[in-house]
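Visitor: These two chains come separately, so use the hints to put the complex back together.
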Amino acid sequence: MTDQSARVRHAIREALEASLPELGQVDFDATLTSDVGLDSVQIMDLVMEIEDRLDVSISVEALAEIKTLNELADRLASRVGEENT
Amino acid sequence: MSLFEKFSGLAEARAGLGEAGVAPVATPIEDIISATEGVIGGRRVILAGTNNYMGLTREPEIVEAAQEALAHYGTGTTGSRMANGSYHMHQALERDFAEAFGWPSAMVFSTGYQANLGTLSALAGADDFLLLDGDSHASIYDGARMSAGQTVVFRHNDPDNLDRRLARLGSNAERALIVVEGLYSMLGDQPPLAEFVEVKRRHNAWLLVDEAHSFGVFGERGLGLAEQTGVLDDVDFVVGTFSKSLGAIGGFCVSRHRELELLRLASRPYIFTASPSPAVIASTRAALRRIVDGADLRRSLWRNIDSLYAALNRYGYKLGSGDPGPVAAIILPDRASALAHWQGLLDAGVYANLMIPPATPKGLNLLRISLSAAHTPEQVDRIIAAFGEIRKAA
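From first to last, the protein sequence lines are chains A and B. To convert, note that position 16 of the first sequence is 16 in the numbering used here; the numbers rise steadily by one, no gaps. To convert, note that position 80 of the second sequence is 165 in the numbering used here; the numbers rise steadily by one, no gaps.
Here chain B stands alone, though its shape is the one from the complex (with noise of 0.2 Å):
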C-alpha cells in the first residue's frame, strides 16, 4: 500500500487535460516583458490571467521601493514577528492599513492565505460560530477548520439562508462571525453586502469581509466593495492579500476593534512563520499609497472591464457573474470544450485561466479572465478578438 495511492484520482485527472503542448494548468511562464505580456510556450502573449487588477508590479517608484529595502535590509528577516521579524518597516505598514481604513488596528501576515487562516482561526473559540459563504476560499474553509469554533455553511450570496441559520443559534448568534468575499474569484460575482450588513445587525453578530479581489478594484479609496457599498462602519474585520492589487505576496486583516492587537499572542499562523521579507513591505507600503490614490487605474480598469463584458455578452457567452468586474468566468458546458477555449486562446497570443472541478463551484469548467488597470485597450481589442476566432471556428 503506498502513501500516494490515494492520489490516483488526481493523476487521473491530470493525465485527462493532456500531455502535449503548454500545461493549461500551473502553465509555465518563460518570462515576464511587463505586468500584461509574457512569454509562454516561446510565444509573447497577453497575459490576462494574473489577478494583476492594479497593474503595480512594474511601476518603477514600487520597485525602486522594493530595490532600496533589499539593498538596505537584505534579502528576509530570517524570523517570525515574535521574534526578530518585527522591523519598523512591518509596523508602518500596520499603521498604513489602519489609517487607510480610519480604524485602530491592523496586522499584516506572510500571505493571504494566512491571514484568513491567521484570523478565523483565532477569533472563533470553543463557544463560537462562524457562519460561512457557501462559495468560500479554500483558506475561509481552513481557517474555520483550524479553530475551536462551530462552522455553519450557508448559501452563496443569500441573506436570508445566512437569517434563518443565524436565527436558530438564538442568543448565540451574538458568538457568530460572518464571513464574505467582496468579489468571488472563480464566477467573479459580488456579495449583496447592504443585505448581508442587514442581518448582521437584526442578530447583533459580527462580520468579516475578505476583499482579496476586490481591494483596490472597488470603492473611492480603493478599500474594497465595503467602501464602495458605504458600509464600512458596520464590518468588524476586513481581510485582504498583497498578491493581486497591491502586487506582491503577504496578507492583512484590519479592524475597528482595538483588541485585534491580541491576536498577535494568539493566532498560529501569525506566530509561527517568518515576517514578509523587507523588500516585499517596502513594495506593498508604495502600493498601497497608489492604489488609495489610484482612481485613475481604477478608471482605466473600469474601461477595460466594461469593453469586455460587453464583447462576452455580444457573442452569447454565459458569464459567472450579471455584474461586470475584474474577473470575466466564462461558464462552458463541459471540460473539454473549456480546454478547447483555454487553447484557442493561447494559439492567438492570449493567457487566460483554466478553471475545472474540484477548484470550481458546481463542479462548474470555467474559462476566467481577470483584467488590469495596465491592459492597453488595443490588448483588450485583441483580448475580444481572440474570442471572435473561437467563435467563428466552433
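Looking at chain A on its own, in the form it has when it is part of the complex (with noise of 0.2 Å):
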C-alpha cells in the first residue's frame, strides 16, 4: 500500500466514526448501499466529509459508479495523486 493510499484509507476512517459512529468497523469490500446499508444522504454526506479531509473534490457522476469504499479509496488516490503533480 502506497502512502497516498494508507492516508486515503485513514482518511475515510476517521470520516466514517465522524458522520455514521454508529456503523463500528466497516468491511472496506462491503458494497456500501447493500451490505452498510446507506442510503444516498448518508453517502454524499460520508463523501464530503472525505473530501474536507483530503481537500480534493469528487464528482457526483464518479461517485455513481462507486459500489465498495475499496473503490472509493482507489478513486480518491487517484484524484488526490492527480492534485500532488
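For the record, the hints were derived by calculation from the structure and aren't laboratory data. Please read all numbers here as calculations on a predicted model, not as lab measurements. Warning: the hint list may mix true and false statements.
With a Cα cut of at most 30 Å, we get these calculated DSBU-like pairs of lysine-lysine [claimed, not checked]: (1) B:LYS477 with B:LYS403; (2) B:LYS447 with B:LYS91; (3) B:LYS447 with A:LYS67; (4) A:LYS67 with B:LYS403.
Guide: This is the structure we're talking about:
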C-alpha cells in the first residue's frame, strides 16, 4: 500500500467515525448500499466529510460508479495523486 | 423475478404509515372551498400545507383571465414551443418575466421541475461544472444528472465549503455554475445569499438562484430572496415555478444574459414537451401582475408568519429554520410522533404536510406548515390552538 493510499484509507475511517459512528468497523469490500445499508444522502454526507479531510473533490457522476469503500479509496487516491502532480 | 421487486422497501414504508383513516401521504382532498379551506375525510379543514403562499388561486380577476383564455383558445396547445405551441401569450408572459426583473431574456417551461431540468441540463456542457447545495431539490439533482457537466456538491448553506470546492477547480471555476435555492422547502431555511455572492465573485463563477418557494414572498416586488438581499445584479439566472405563489402549473428561467434564448434550441425538456395551456398562461400573467404590485399580500403573509413562528417557539417546538418564513417545519423525534402530530392537527381541522425520509434532509421526520396571505388571523389562531391541544394531550 502506498503512502497516498494509506492516507486516503485513514481519512475514510476518520470520516466514517465522525459522520456515521453507529456503523462501527466497516469492511472496505462491503457494498455501501446493500451491505452497509447507507442511503444516497448518507453516502453524500460521508463523501463530503472525506473530501474536506483530503482537500479533493469527487464528482457525483464518478461517485455513481463506486460501489465499495475500496473503490472509493482507489478513486480518491488517484484524485489526490492528480492534485499533487 | 418481478420488475416491481425493487420497490418492496417503499411498499413496506407505505404500509408502516397505517391504512386506516385518511392517508397522510398523497392525502385525497375531496373538495376545495377557498384558497385556505377544503374538505378532507368528509370534514371541512383549514389548508395549511398547499404552498399557496399568495393565496391567488381563487382571486376573481385571475380566475376570469383563465376562463376567458379557455373559452377563446381552447383547452390546450397540443404541441411544443418548437412546433405549433408558441402563441403570442407565451411570448408575452416571457416578456412580462423579463421586464419584471429588468433583464433581456426569459423562458417559460411546462412545469417547475422542467424549468430546472431544462436550464441545468442545457447550460452545463462536457467541460463545465455544476456546484450544488447538498439540500437541493430533486429537480436540480436531476437536471445535473441529465447534463454533460461534472457535478460537485457542497455542504448545505455553507459558503466556505463552496469556496474550497471552487478553489480546487482553479481557473475552471469560471466554467462553474453555482446553484442555490431562495428558500429550502423541507426545512424552510434560507441561504446566506450575500455570502454566496461574495464567493461567486471571488472565483468569477456563475450563479443560479431557484426562487420556487421564495418568489412572491420576499422582496419589495416579490421577485424573491435575491431581490430582498439586494444581490440581483450578481445573479445570472433565476428559476421559478408557477405552482406556488403564482397559483398555476409551469416554470420559468429569467437571465441577465440575452444568450439564454439559445437554450430554446438546445434544452430537451423545453423542446420535447407540449407548451403550457392557454388558461395557465393567462392566469399566470394576471398573477404575476398581482404579485409585483402585491405589497398588501406580503404584509398579510408576514403577519401570519410572525404569529405562527412566535407561537411554535413559545410551545418549545424545534423548527427547521431559525429565520421565520412561509414554511414552518417542526422537527419531531421519530416517524410515530410526526404521524401523531399530523393526525392530531387533522382531527382539529387543520391539514398540514407529513414529511418523512427519504424525501427529507438528514433523515428527519417533519410536520410542515405552509402559510398563505389568504389565511385570516382567525385561521392562524385556529392552527396555533390545534398545536396547543396536541401539546396538552402529550
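Visitor: Indicate, hint by hint, whether the structure satisfies it.
Guide: Against the structure, the hints come out as follows:
| no. | hint | verdict |
| --- | --- | --- |
| 1 | B:LYS477 with B:LYS403 | holds (17 Å) |
| 2 | B:LYS447 with B:LYS91 | holds (23 Å) |
| 3 | B:LYS447 with A:LYS67 | holds (21 Å) |
| 4 | A:LYS67 with B:LYS403 | violated (36 Å) |
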